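Just so you know, the protein sequences line up as chains A and B, in that order. The first sequence maps to residues 1 to 109 in my numbering. The second sequence maps to residues 1 to 112 in my numbering.
Keep in mind the hints are simulated off the structure, nothing from the lab. It cannot be assumed that every hint is accurate.
Derived CB-CB ranges, DEER-like [said to hold, decoys possible]:
| hint | chain 1 | residue 1 | chain 2 | residue 2 | range |
| --- | --- | --- | --- | --- | --- |
| 1 | B | V54 | A | T82 | 37 to 43 Å |
| 2 | A | V50 | B | N26 | 40 to 46 Å |
| 3 | B | Y10 | A | S52 | 28 to 34 Å |
| 4 | B | L112 | A | N24 | 24 to 30 Å |
| 5 | A | P8 | B | N28 | 37 to 43 Å |
| 6 | B | G63 | A | M5 | 23 to 29 Å |
| 7 | B | G63 | A | T62 | 48 to 54 Å |
| 8 | A | V50 | B | I12 | 41 to 47 Å |
| 9 | B | T5 | A | N24 | 43 to 49 Å |
| 10 | B | E70 | A | T94 | 18 to 24 Å |
| 11 | A | I47 | B | D38 | 23 to 29 Å |
BS3-like, lysine-lysine: derived pairs with alpha carbons at most 27 Å apart [to be verified]:
| hint | chain 1 | residue 1 | chain 2 | residue 2 |
| --- | --- | --- | --- | --- |
| 12 | A | K51 | B | K71 |
| 13 | A | K36 | B | K100 |
| 14 | B | K95 | A | K36 |
| 15 | B | K100 | A | K57 |
| 16 | B | K65 | A | K59 |
| 17 | B | K57 | B | K71 |
| 18 | A | K70 | B | K17 |
| 19 | A | K59 | B | K100 |
| 20 | A | K96 | B | K95 |
| 21 | B | K69 | A | K57 |
| 22 | B | K57 | A | K36 |
| 23 | A | K106 | B | K100 |
| 24 | A | K70 | B | K95 |
| 25 | B | K100 | A | K56 |
| 26 | A | K56 | B | K71 |
| 27 | B | K71 | A | K57 |
| 28 | A | K96 | B | K100 |
| 29 | B | K71 | A | K96 |
| 30 | B | K57 | A | K70 |
These numbers were taken from a predicted model, which means no experiment stands behind them. Note that the Cβ used here is the ideal one computed from N, Cα and C, for glycine as well.
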Amino acid sequence: GQQVMQIPQYQHVQEGEDFTTYCNSSTTLSNIQWYKQRPGGHPVFLIQLVKSGEVKKQKRLTFQFGEAKKNSSLHITATQTTDVGTYFCAGGGTYKYIFGTGTRLKVLA
Amino acid sequence: EAQVTQNPRYLITVTGKKLTVTCSQNMNHEYMSWYRQDPGLGLRQIYYSMNVEVTDKGDVPEGYKVSRKEKRNFPLILESPSPNQTSLYFCASGKGGGEKLFFGSGTQLSVL
Numbered sequence: 001g002q003q004v005m006q007i008p009q010y011q012h013v014q015e016g017e018d019f020t021t022y023c024n025s026s027t028t029l030s031n032i033q034w035y036k037q038r039p040g041g042h043p044v045f046l047i048q049l050v051k052s053g054e055v056k057k058q059k060r061l062t063f064q065f066g067e068a069k070k071n072s073s074l075h076i077t078a079t080q081t082t083d084v085g086t087y088f089c090a091g092g093g094t095y096k097y098i099f100g101t102g103t104r105l106k107v108l109a
Numbered sequence: 001e002a003q004v005t006q007n008p009r010y011l012i013t014v015t016g017k018k019l020t021v022t023c024s025q026n027m028n029h030e031y032m033s034w035y036r037q038d039p040g041l042g043l044r045q046i047y048y049s050m051n052v053e054v055t056d057k058g059d060v061p062e063g064y065k066v067s068r069k070e071k072r073n074f075p076l077i078l079e080s081p082s083p084n085q086t087s088l089y090f091c092a093s094g095k096g097g098g099e100k101l102f103f104g105s106g107t108q109l110s111v112l
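Just chain B, with the same shape it has in the complex:
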């Protein structure tokens, strides 16, 4: 089954404790991206990747890191989480070039 898999589904952590949210897709998509969803603000793009080893900043990259060492995986790293990073995070993948996106199930992150 074609899917984008995110883990964990829920995460509660404390300020400053490094964490990684994993994302994996099985559709051989070149394009992957991370979004955060906050009430009233919609989906805002954090980082995206056009292919292996090629990444670029979205609209809200501060406080986040990404890497794309393999085509299928695109982890999101918060090296020193802060409470303003409490949010619902979605990973998405697609063929690129403006084609439709497939989203993961989301990760609800709470930073205390």
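Next comes chain A alone, as it looks inside the complex:
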């Protein structure tokens, strides 16, 4: 079946350093969504990408959808302690959302 893998599984960074998480699907995705889960919290929607090669920015966060629509990345510039959490990508099908394994980010002050 369809699988969505994310790397790395964990990342510790010093505050101010950049961070990137990568999402790879075994099949072509109709769209990709990104969610953030704070420690002890629930996933919260960040953004959706639909078009091949699409790039979107939200302040220090840059999201990219691959040309083949099988991979995506989330890049955070100059991390802050508020960025701590687990970031999930999700391949958004019509009704079956396949979530990646998540990347857990720790930011050291």
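Following the hints, position chain B against chain A.
Just chain B now, with coordinates in the frame of chain A:
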């Protein structure tokens, strides 16, 4: 306030004792879904519902039941819980068609 409400927040039970986790949304969403979250495995879909009386299996449906008798409610039923169902459970809702999901606060279940 638009929200997805799950109850209970924490639940400890014993093997074989039937339990229900409730989920309710106030956004008139057609799509609702249940996920379980386990370390290193991410969020795995258990069941989903496209509308009232329409449900389908996700990736890990064994040992779970759902029903969708009303649009706003989508309870998750464990008829005979086992220790391997110890997990963090999330309910989510959305408009469907690949639109963004809104998650409940989660239910931490421990089956002894």
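Checklist entry - Does the structure break any of the earlier hints, and which numbers would those be? => result The structure conflicts with hints 2, 3, 4, 7, 9, 12, 16, 18, 21, 26 and 27, although it agrees with all the remaining ones.
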